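J.: This is what each chain is made of:
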Amino acid sequence: GAGVSQSPRYKVAKRGQDVALRCDPISGHVSLFWYQQALGQGPEFLTYFQNEAQLDKSGLPSDRFFAERPEGSVSTLKIQRTQQEDSAVYLCASSDSSYNSPLHFGNGTRLTVT
Amino acid sequence: GNSVTQMEGPVTLSEEAFLTINCTYTATGYPSLFWYVQYPGEGLQLLLKATKADDKGSNKGFEATYRKETTSFHLEKGSVQVSDSAVYFCALSVGGSARQLTFGSGTQLTVLP
Numbered sequence: 001g002a003g004v005s006q007s008p009r010y011k012v013a014k015r016g017q018d019v020a021l022r023c024d025p026i027s028g029h030v031s032l033f034w035y036q037q038a039l040g041q042g043p044e045f046l047t048y049f050q051n052e053a054q055l056d057k058s059g060l061p062s063d064r065f066f067a068e069r070p071e072g073s074v075s076t077l078k079i080q081r082t083q084q085e086d087s088a089v090y091l092c093a094s095s096d097s098s099y100n101s102p103l104h105f106g107n108g109t110r111l112t113v114t
Numbered sequence: 001g002n003s004v005t006q007m008e009g010p011v012t013l014s015e016e017a018f019l020t021i022n023c024t025y026t027a028t029g030y031p032s033l034f035w036y037v038q039y040p041g042e043g044l045q046l047l048l049k050a051t052k053a054d055d056k057g058s059n060k061g062f063e064a065t066y067r068k069e070t071t072s073f074h075l076e077k078g079s080v081q082v083s084d085s086a087v088y089f090c091a092l093s094v095g096g097s098a099r100q101l102t103f104g105s106g107t108q109l110t111v112l113p
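Chains as they are written, first to last, in my numbering: chain A, 1 to 114; chain B, 1 to 113.
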């Protein structure tokens, strides 16, 4: 079946531009997560949604980062006024509501800020 | 806080060699432990997990045992294949939910024919 889909696959932005990254989770998955993976590092948690509610945004690195999931399905991660340190792979993952259910990751969006 | 330390790579092995990738952790609370794998050009996939002490997770010939006394979750495989070439990530979560996975930095494995 269809997995987690992220778009675009690659994004190049000039410093100061705004970007929007899209995530289509697996159908029916109530939980959605965003992670940031810097080059050569493991993913780091950014934010978590259960349906449309953003329950945890403690990992967002600054107020330039904003995520939404208005209808409890597709999510968008927006980064305003991008900086070079924002360059990373942004991973989306989803899971169903069962206890300790595994995360299913998308292939990520590689953002390069020049 | 929570952290995961795993063996730095890259690791290069010949086909049919024995593999160990070390992983140790610190956690506030009782963690669940995971190994994820990332094949070239693909997303992270759950390889195996263990949710309590002395549990052994296994999948595709890989195994890891949750050792609470040594706070470790080392990944092993008796005979690696070229198709096992990938990046392997050790991770933990606390509180019975996978939402705040804390990952190690990853270990690149290359298996040569």
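Derived from the structure by calculation, the hints contain no laboratory data. Values in this document were obtained by computation on a predicted structure and should not be read as measured data. Any given hint might turn out to be false.
Capping the alpha-carbon separation at 20 Å, the derived lysine to any residue pairs in SDA-like fashion look like this [claimed, not checked]: (1) B:K56 x A:K14; (2) A:K57 x B:G41; (3) B:K60 x A:K11; (4) B:K56 x A:E71; (5) B:K60 x B:A27; (6) A:K11 x B:S3; (7) B:K60 x A:H104; (8) A:K57 x B:S3; (9) A:K57 x A:G40; (10) B:K52 x A:S101; (11) B:K52 x A:K14; (12) A:K57 x B:K56; (13) A:K57 x B:V94; (14) A:K11 x B:L112; (15) A:K57 x B:G1; (16) B:K60 x B:G95; (17) A:K11 x B:G95; (18) A:K14 x A:S101; (19) B:K52 x A:P102; (20) B:K56 x A:Y99.
Here are some chain B residues pointing at chain A (derived, C-beta under 10 Å) [as the list claims (entries may be wrong)]: (21) K68; (22) T102; (23) G104.
Positions of the beta carbon are idealized from the N, C-alpha and C atoms, including for glycine.
J.: Going through the earlier hints one by one, which of them does the structure break, listed in rising order?
T.: Violated hints: 1, 2, 3, 4, 5, 6, 9, 11, 12, 14, 16, 17, 18, 21; rest satisfied.
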